[in-house]
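We have chain A; now place chain B onto it with these hints.
Chains A and B, in that order, are what the protein sequence lines are.
Mapping of the first sequence onto my numbering: position 32 corresponds to residue 32, and the numbering continues sequentially without gaps.
Mapping of the second sequence onto my numbering: position 47 corresponds to residue 47, and the numbering continues sequentially without gaps.
Read the hints as simulated data drawn from the structure, not as lab findings.
Keep in mind the model is a prediction, meaning the values are calculated, not measured.
Be a bit skeptical, because a hint or two may be false.
[As the list claims (entries may be wrong)] In silico BS3-like links for lysine-lysine, alpha-carbon gap of 27 Å or less:
| id | chain 1 | residue 1 | chain 2 | residue 2 |
| --- | --- | --- | --- | --- |
| 1 | A | K175 | A | K191 |
| 2 | A | K166 | A | K145 |
| 3 | A | K191 | A | K34 |
| 4 | A | K34 | B | K70 |
| 5 | A | K173 | A | K145 |
| 6 | B | K70 | A | K173 |
| 7 | A | K191 | B | K70 |
| 8 | A | K34 | A | K8 |
| 9 | A | K224 | A | K90 |
[To be verified] Across the chosen pairs, the derived CB separations fall in these ranges:
| id | chain 1 | residue 1 | chain 2 | residue 2 | range |
| --- | --- | --- | --- | --- | --- |
| 10 | A | D91 | B | L114 | 29 to 35 Å |
| 11 | B | L30 | A | E109 | 36 to 42 Å |
| 12 | B | V67 | A | L29 | 27 to 33 Å |
| 13 | A | F10 | B | A150 | 28 to 34 Å |
| 14 | B | L143 | A | Y31 | 50 to 56 Å |
| 15 | A | H86 | B | L147 | 49 to 55 Å |
In this text, a Cβ means the ideal position worked out from N, Cα and C, and glycines have one as well.
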Amino acid sequence: MPSFKAIKSFLPFVIIGLVAALTITIGALLYRAKRVAAVTMSEEQTVAAQATDSVHARGSADAPVTLEEFGDFQCPPCGRLAGSLHEIEKDYGTRLRVIFRNFPFASHEHAREAAYAAEAAGLQGHFWEMHDLLYREQANWSKTKDVQPLFTSYAGMLGLNLDRFKTDMSSEKVKEKVESDQNRGEALGVKNTPTIFINNQSVPPTSLNPIALRAAIDAAVREKKASE
Amino acid sequence: MPSQSKSRVQQSTAVALPRGTVIVYAVVALISLAGLADATYLTVQNLAGETAVCGGSPDCFRVLGSVYSKIAGIPVAAIGTVAYFAVFTFATFAAFGYQRARTFLAVTVFVMFLSTLWFLYVQAFLLHAFCRYCLFSAAITFLLTGLIVATPRRP
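Here chain A stands alone, though its shape is the one from the complex:
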């Protein structure tokens, strides 16, 4: 039978050991719960995406790899990724097709208006130019109280018809398009932006960097070749 003094001498070690074990266990369980499970689009969802006329796509329709992004124009990580994605698009050329879907968060004050601006520019055939401009100027317009004059000035820079741009920004057609993108994202389980699907397979958030994305695209190209 150990004495009270002996128990007291090793008790702190037991307490500290227990807390360490508990911290590691809870941390590991939390990590497992938080790790986003890979999502694969069903054939129905893929076909639905292709059938939409108003999809914003850049690159060859016959490209072996399709990268579908759900983005929020006011989200800084989306802004950072936009530059890298542009470089990737240039490097992969006809082997890559990029699709953009709006997924504006309500917590981002001007994200929805920015999505409307991009869609309104799209109605005049300049979606991608506005997309690139909004991401490039994100730091400026994000801090502005009234973004409408800024967005109109961007439309002016792109040579758009400004009256039509302003009318389109508040039109039902533009709102419905943003809504439909968001509904598609929600149906696919999108919770964060950017969320990227490469050939209908979701990319984990830890791989949203140029090196990991290139590796995922390369793997998708190899897979496509092997299946042909």
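Just chain B now, kept in the frame of chain A:
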């Protein structure tokens, strides 16, 4: 000479502390557990890649996804987890009368206090955004600092 060797022995082994001091160290250990939980949650969030994307509170994501959220590639949250665990360890040993643990505890809490001041400055003046988890951690550190300062130096 005998008194010198006695003091060395007291530093490495447990000595009896007044009940009030033991309670203070036990409270410090318990409070540090709240900080440990907070820092562990943020570390997991970082490892799962959640801080590299938007969702939830935009201010939190602005802070946790900023360049200030890592030191030499190591997430600040992970360093915080180690720091809170160290505080818990030293406070537990101090409560059991280990003299040297009291010094380690005071030094650790002092470093954490200075780090907290820096991160509050970063949030207020450089990022212009406050993350509620970081503010919770700051409150815990201030509380720990207050308790350590208020604890009598000698048993």
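Verification of the supplied hints:
1. K175/A - K191/A: Holds - the C-alpha atoms of K191/A and K175/A are around 20 Å apart, at most 27 Å.
2. K166/A - K145/A: Distance ~18 Å between K166/A and K145/A Cα, so the pair holds.
3. K191/A - K34/A: Distance of about 12 Å is within 27 Å: holds.
4. K34/A - K70/B: holds, 20 Å
5. K173/A - K145/A: holds, 25 Å
6. K70/B - K173/A: violated, 44 Å
7. K191/A - K70/B: holds, 24 Å
8. K34/A - K8/A: Distance of about 39 Å is beyond 27 Å: violated.
9. K224/A - K90/A: Distance of about 20 Å is within 27 Å: holds.
10. D91/A - L114/B: 29 to 35 Å: Once the Cβ atoms are compared, 45 Å apart, the range 29 to 35 Å for L114/B and D91/A is violated.
11. L30/B - E109/A: 36 to 42 Å: holds, 40 Å
12. V67/B - L29/A: 27 to 33 Å: holds, 30 Å
13. F10/A - A150/B: 28 to 34 Å: Since F10/A and A150/B have Cβ atoms about 30 Å apart, the given range 28 to 34 Å holds.
14. L143/B - Y31/A: 50 to 56 Å: violated, 28 Å
15. H86/A - L147/B: 49 to 55 Å: Check passed, 53 Å falls within 49 to 55 Å.
Hints 6, 8, 10 and 14 from the earlier list are contradicted by this structure; the remaining hints agree with it.
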